[in-house]
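Visitor: Sequential numbering of the sequence shown, starting at 10, is according to the working numbering.
Rather than coming from a laboratory, the hints here were simulated on the basis of the structure. Mixed in with the good hints, there may be bad ones.
Restraint ranges, calculated between C-beta atoms of paired labels, are given here [claimed, not checked]:
{"#": "1", "residue 1": "83", "residue 2": "25", "range": "16 to 24 Å"}
{"#": "2", "residue 1": "14", "residue 2": "57", "range": "16 to 24 Å"}
{"#": "3", "residue 1": "11", "residue 2": "47", "range": "31 to 39 Å"}
{"#": "4", "residue 1": "93", "residue 2": "48", "range": "17 to 25 Å"}
As a list, the in silico EDC-like pairs of lysine to aspartate or glutamate whose alpha-carbon atoms are at most 20 Å apart [what the hints assert, rightly or not]:
{"#": "5", "residue 1": "20", "residue 2": "73"}
{"#": "6", "residue 1": "91", "residue 2": "17"}
{"#": "7", "residue 1": "91", "residue 2": "36"}
{"#": "8", "residue 1": "20", "residue 2": "85"}
Glycine included, every Cβ here is placed at the ideal spot set by N, Cα and C.
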Amino acid sequence: MDESRVADVAKALGSPVRVRILVVLMDGERCGCELVPLLSLDPSVVSRHLSILSRAGLVESRRDGARILWRLSSPEIPRLLKCL
10 MDESRVADVA KALGSPVRVR ILVVLMDGER CGCELVPLLS LDPSVVSRHL
60 SILSRAGLVE SRRDGARILW RLSSPEIPRL LKCL
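With the hints as extra help, turn the sequences into a complete structure.
Guide: So this is what it looks like as structure tokens:
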């Protein structure tokens, strides 16, 4: 077990906003611009939270033209969230 990785994931899950992002992404891939109104947050705040989730390995992104689409990085993440 990589203790550093576990700590990074635990820190990422320590924010209700980041948990909410993961819950939204459980329904499928979303553009960051779609998350802004859903979360009622500024784009820069959503971007910061997505970066933290990405560094923790919980989400990944892909470019679709000018948009960046975000998705859960593993199908196991919903199970992880249900355990908490």
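Visitor: Hint by hint, say whether it matches the structure.
Guide: Right, here's what the structure says about each hint:
1. For residue 83 and residue 25, the Cβ-Cβ distance of about 21 Å falls inside the hinted range of 16 to 24 Å, so the restraint holds.
2. Judged by the Cβ atoms, the range 16 to 24 Å given for residue 14 and residue 57 holds: they are separated by roughly 20 Å.
3. Separated by about 32 Å at the C-beta atoms, residue 11 and residue 47 satisfy the suggested range of 31 to 39 Å.
4. In this structure, residue 93 and residue 48 meet the distance hint of 17 to 25 Å, their C-beta atoms being roughly 19 Å apart.
5. Taking the CA atoms of residue 20 and residue 73, the gap is near 29 Å; set against the 20 Å cutoff, the hint is violated.
6. Of the pairs offered as hints, the one joining residue 91 and residue 17 holds, with about 19 Å between alpha carbons and a cut-off of 20 Å not exceeded.
7. In summary, the hint linking residue 91 to residue 36 is supported, as the alpha carbons are separated by about 15 Å, within the 20 Å threshold.
8. Note on residue 20 and residue 85: the hinted pairing holds, with a Cα-Cα distance of about 18 Å set against a maximum of 20 Å.
In summary, the structure is inconsistent with hint 5 from the numbered list given earlier, while agreeing with all the others.
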